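Put chain B on the given structure of chain A with help from the hints.
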Amino acid sequence: AQSVSQHNHHVILSEAASLELGCNYSYGGTVNLFWYVQYPGQHLQLLLKYFSGDPLVKGIKGFEAEFIKSKFSFNLRKPSVQWSDTAEYFCAGDRGDNAGNMLTFGGGTRLMVKP
Amino acid sequence: KAGVTQTPRYLIKTRGQQVTLSCSPISGHRSVSWYQQTPGQGLQFLFEYFSETQRNKGNFPGRFSGRQFSNSRSEMNVSTLELGDSALYLCASSGDNEQFFGPGTRLTVL
Chain A
1 AQSVSQHNHH VILSEAASLE LGCNYSYGGT VNLFWYVQYP GQHLQLLLKY
51 FSGDPLVKGI KGFEAEFIKS KFSFNLRKPS VQWSDTAEYF CAGDRGDNAG
101 NMLTFGGGTR LMVKP
Chain B
116 KAGVTQTPRY LIKTRGQQVT LSCSPISGHR SVSWYQQTPG QGLQFLFEYF
166 SETQRNKGNF PGRFSGRQFS NSRSEMNVST LELGDSALYL CASSGDNEQF
216 FGPGTRLTVL
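These protein sequence lines are chains A and B, in that order.
Residues 1 to 115 in my numbering are what the first sequence lists, from first letter to last.
Residues 116 to 225 in my numbering are what the second sequence lists, from first letter to last.
Chain A with its partners taken away, still in its complex shape (with noise of 0.2 Å):
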């Protein structure tokens, strides 16, 4: 069976602070990866999506994620946080092979930003 974890629960930065989010699948076949984003109050929103191609997949608001198969992960980047980006972050995978849309999410990282 497919599962997306997360390490980090909660995080803590500073404005201006550089983000790492840890991601780990696991899935021998191929997977379609995602990181959404749940600010306060508001309903799930899409980051960034990986399919195939080029690893490291650019998305909204300046984030960035790297996919490296030999390590399943799926880390989410940005070089300087906001205030604005305090939020709970959500990666998710689909199984490539699979017809439909059915997400695996992992348990989610609450990011607070202190200005």
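Wrong hints could be hidden among the right ones.
[What the hints assert, rightly or not] Cβ pair distances, simulated, as ranges:
| no. | chain 1 | residue 1 | chain 2 | residue 2 | range |
| --- | --- | --- | --- | --- | --- |
| 1 | A | Ser-18 | B | Leu-198 | 35 to 45 Å |
| 2 | A | His-9 | B | Arg-124 | 25 to 35 Å |
| 3 | A | Gly-107 | B | Pro-176 | 18 to 28 Å |
| 4 | B | Gln-132 | A | Ser-14 | 44 to 54 Å |
If you're looking for bench data, these hints aren't it; they were derived computationally from the structure.
If you're wondering where the values come from, they're calculated on a predicted model, not measured in any experiment.
Just so you know, even glycine gets a beta-carbon here, dropped at the ideal spot from N, CA and C.
Using the frame of chain A, we list chain B on its own:
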């Protein structure tokens, strides 16, 4: 383009009752997926409907069911509610290799 809408936004029910939640996908999207979000279990996939047929199913008991209509609107039903069913239920419609999530229905079971 209107986003995914879910109704109602909040519900309070008592144990043993049943509940029906509704989801209207983005216009043109034929796939609708449902997820349950709780503090303890996180986000878990319930099921997906595509063209009125259940295409994928998660690991939830038979008390959780759904359906999809010809206009792609979907409903999910939970029968014989338990306290543990209290959660935020999210609906997502799919297009362009992306799932777009609605605001959710917060269900409280007393």
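CB of Gly-107 (chain A) to CB of Pro-176 (chain B), is that within 18 to 28 Å? holds (22 Å)
Okay, Ser-18 (chain A) versus Leu-198 (chain B) on CB: inside 35 to 45 Å? holds (42 Å)
Gln-132 (chain B) and Ser-14 (chain A), beta-carbon distance inside 44 to 54 Å? holds (48 Å)
Could one say that the CB atoms of His-9 (chain A) and Arg-124 (chain B) fall in the range 25 to 35 Å? holds (28 Å)
Going down the numbered hints, you'll see the structure goes against none, and every one checks out.
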